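Asker: So the protein lines, in turn, are chains A and B. Note that full-length UniProt numbering gives residue 32 to position 32 of the first sequence, counting from 1, and the numbers run on in steps of one. Note that full-length UniProt numbering gives residue 6 to position 6 of the second sequence, counting from 1, and the numbers run on in steps of one.
No lab work stands behind these hints: they were computed from the structure. It cannot be assumed that every hint is accurate.
If several chains are the same, the list does not tell them apart, and a pair holds so long as it fits within one copy or across any two.
Each computed PhoX-like pair below joins lysine-lysine, with the alpha-carbon atoms no more than 25 Å apart [stated by the list, open to error]:
id	residue 1	residue 2
1	LYS117	LYS205
2	LYS83	LYS137
3	LYS67	LYS251
4	LYS255	LYS20
Computed from a predicted model, the values in this text were never measured in an experiment.
Number of protein chains: 2
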Amino acid sequence: MRITIIGSGNVATHLSAAFKNAGHRIVQVYSRDMHNAALLAYHVGATAIDTLDDISQDTDIFIVAIKDDVIGDTSSRLAKYDKLIAHTSGAVHLEAIRHYTERAGVFYPLQTFSKSKELNFREVPLCIEGADERITKELEKLARTVSNNVYRVSSAQRKVLHLAAVFACNFTNHLYAISKQLLANSDMSFDMLRPLIAETADKIKAHAPETVQTGPAIRNDVQTMDTHLQMLDNEPDLRVLYTLLSQDIIKNHNKAGGDK
Amino acid sequence: MRITIIGSGNVATHLSAAFKNAGHRIVQVYSRDMHNAALLAYHVGATAIDTLDDISQDTDIFIVAIKDDVIGDTSSRLAKYDKLIAHTSGAVHLEAIRHYTERAGVFYPLQTFSKSKELNFREVPLCIEGADERITKELEKLARTVSNNVYRVSSAQRKVLHLAAVFACNFTNHLYAISKQLLANSDMSFDMLRPLIAETADKIKAHAPETVQTGPAIRNDVQTMDTHLQMLDNEPDLRVLYTLLSQDIIKNHNKAGGDK
Chain A
1 MRITIIGSGN
11 VATHLSAAFK
21 NAGHRIVQVY
31 SRDMHNAALL
41 AYHVGATAID
51 TLDDISQDTD
61 IFIVAIKDDV
71 IGDTSSRLAK
81 YDKLIAHTSG
91 AVHLEAIRHY
101 TERAGVFYPL
111 QTFSKSKELN
121 FREVPLCIEG
131 ADERITKELE
141 KLARTVSNNV
151 YRVSSAQRKV
161 LHLAAVFACN
171 FTNHLYAISK
181 QLLANSDMSF
191 DMLRPLIAET
201 ADKIKAHAPE
211 TVQTGPAIRN
221 DVQTMDTHLQ
231 MLDNEPDLRV
241 LYTLLSQDII
251 KNHNKAGGDK
Chain B
1 MRITIIGSGN
11 VATHLSAAFK
21 NAGHRIVQVY
31 SRDMHNAALL
41 AYHVGATAID
51 TLDDISQDTD
61 IFIVAIKDDV
71 IGDTSSRLAK
81 YDKLIAHTSG
91 AVHLEAIRHY
101 TERAGVFYPL
111 QTFSKSKELN
121 FREVPLCIEG
131 ADERITKELE
141 KLARTVSNNV
151 YRVSSAQRKV
161 LHLAAVFACN
171 FTNHLYAISK
181 QLLANSDMSF
191 DMLRPLIAET
201 ADKIKAHAPE
211 TVQTGPAIRN
221 DVQTMDTHLQ
231 MLDNEPDLRV
241 LYTLLSQDII
251 KNHNKAGGDK
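Using the sequences and the accompanying hints, generate a full structural model.
Answerer: Take a look at the structure:
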C-alpha cells in the first residue's frame, strides 16, 4: 500500500518502520517540525513535509499518529482527498474522523514505544476499527502484514483497553520509580530490584495475575504491613497508596474465595 | 558445604535446588508436614524430617526458610547445635536469630518464587548479613557459589528493600490483575495486554523508570484523565487509586523539573 504518515513521534516512528519493512511504500511524513519530519522520512525513504498544503494525492491511506486533541481538526483537513484516514489513538472515538469522512478507521497499536528502543513489531497487538465492514477488512489486511496480533476492537472497548493499559503500563512504571526512590533513600541501587521486576512480568506470560499474587497483603501478614506503614510515616501519599493497594489485594482475594 | 534446609516452601525449594546444583550437600529437609519435607528431600537427595528433635549434627549451616513469625522460635531450638543459622526473610531483623546465638546471619534472595516456575538462580540477588565479619564472609562465599548478584545489606536496609519489593513486585502484579478485570468486564482477553506488560518491564532493564514514564498523567492530559475517572464511576477504590497514582506521577515529574 501507499501510506502517508501524519506525525513523527514514537508511534509514527515504529509504525512507519514496520510498514516499510513489510514492503509498503511510505509516501510522505508530515510533522509541524520539519527537522522531525525529515529525520523519520529519511529512515523510511519518504518525502518530508511540514504543512498539510503539501499533501500528495498519490497515496492510499493517511495514518494519523498525532496528539489526541488535534486528530479531529487534522482529519477535517485531510478529508477532501477522499482517502482512508485512520488514527492510532487508544482514547479517541472513531467519530472524530467519521465526522468528516465515511472513509474512517482506527489502527491502534497497544504498546509503549520509545524511539530509542527497538521491539518486535510482529508481537504488537493492533486494534482495528472501521466505519464499515469493507474498511475494517482493509485495515485488518494491512495490520496482518506487520503484526501477528490483530484484534477487532470497538471504540467503546478501545476506551476500556486504554484505561487498562494505563494501569498495566503507566502506573506499573511509576511503581518501579517509587521503589527506585525508596532504595536510593537508603543508599541502595535500583539494580538490586531489576531481576525481581523482570521475573514479576515474566510470570504473567503464562499465568493469570491473581493466581501468582505474593506478598504480605495476600498472606494477610498484618505485622509486616504495619511495619511498612510505619516506615512510610514521612511519605503520606505512599502510605495511602500502600493501604489502598493492600486492601484491594485482600478484597480481591476474598472475592475469589481463596484462603492461602 | 553441608546444608540443612528448614522449610519446604517456594524459597526453600529454589534455594535447595541451587545449592544442590552448585555441588553442596543437602543433609536434611525439615517441614512440619512430612509429605512436603519428603517431596523436596527427594529432589535434592536429602533426608526428610518433620520434627526438630530429629535434626542431625552432621551439618555446617541451617538455612531457615519459614514464615517470618516462627523464625525466632525455631532459631532458639536450633541454637544448641552451635552451627551457623541464617534466615531468608526480607522483613526479619538479624537479631531474631542473634538473640539465641552469635552464629547468626541472613541469606535473603530478592526474588518472587513459584514452585512450578523455573528461573535462573545465578541472576537472583542475594542479600547477605552476618553477626560478624567472619560470618558475613562465609555467607558471601556460599552465596557466590549459586548467584552472580551478591550484596551486603544491613537489617535496616533489608527492611527498605523488602518494602520497595512490595511496590515493584506485589503491587505491580495487582495492577496487572486490575487491568485484567477491566478488560474482562468489556469482553476482552488479558492476552491483549501481555505484550505491553512484557515491554514495560523490558524497558526497565536498561533505563531508569522515571525517564521512560508515558501515559496521560506525565503529559498532563487532563481530558483523558477525566474520561478515565468517569469510566471508573462505579469503582470508587480504583478511582482513588487512579487519582493518587496520576498525581504522584505529575508531582514526581515536576520535582524532576521536566516539562515533556
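Asker: Each hint needs a verdict: does it hold in this structure or not?
Answerer: Results for each hint:
no. : hint             : verdict
1   : LYS117 to LYS205 : both (21 Å within a copy, 11 Å between copies)
2   : LYS83 to LYS137  : within (15 Å within a copy, 71 Å between copies)
3   : LYS67 to LYS251  : between (38 Å within a copy, 22 Å between copies)
4   : LYS255 to LYS20  : neither (48 Å within a copy, 40 Å between copies)
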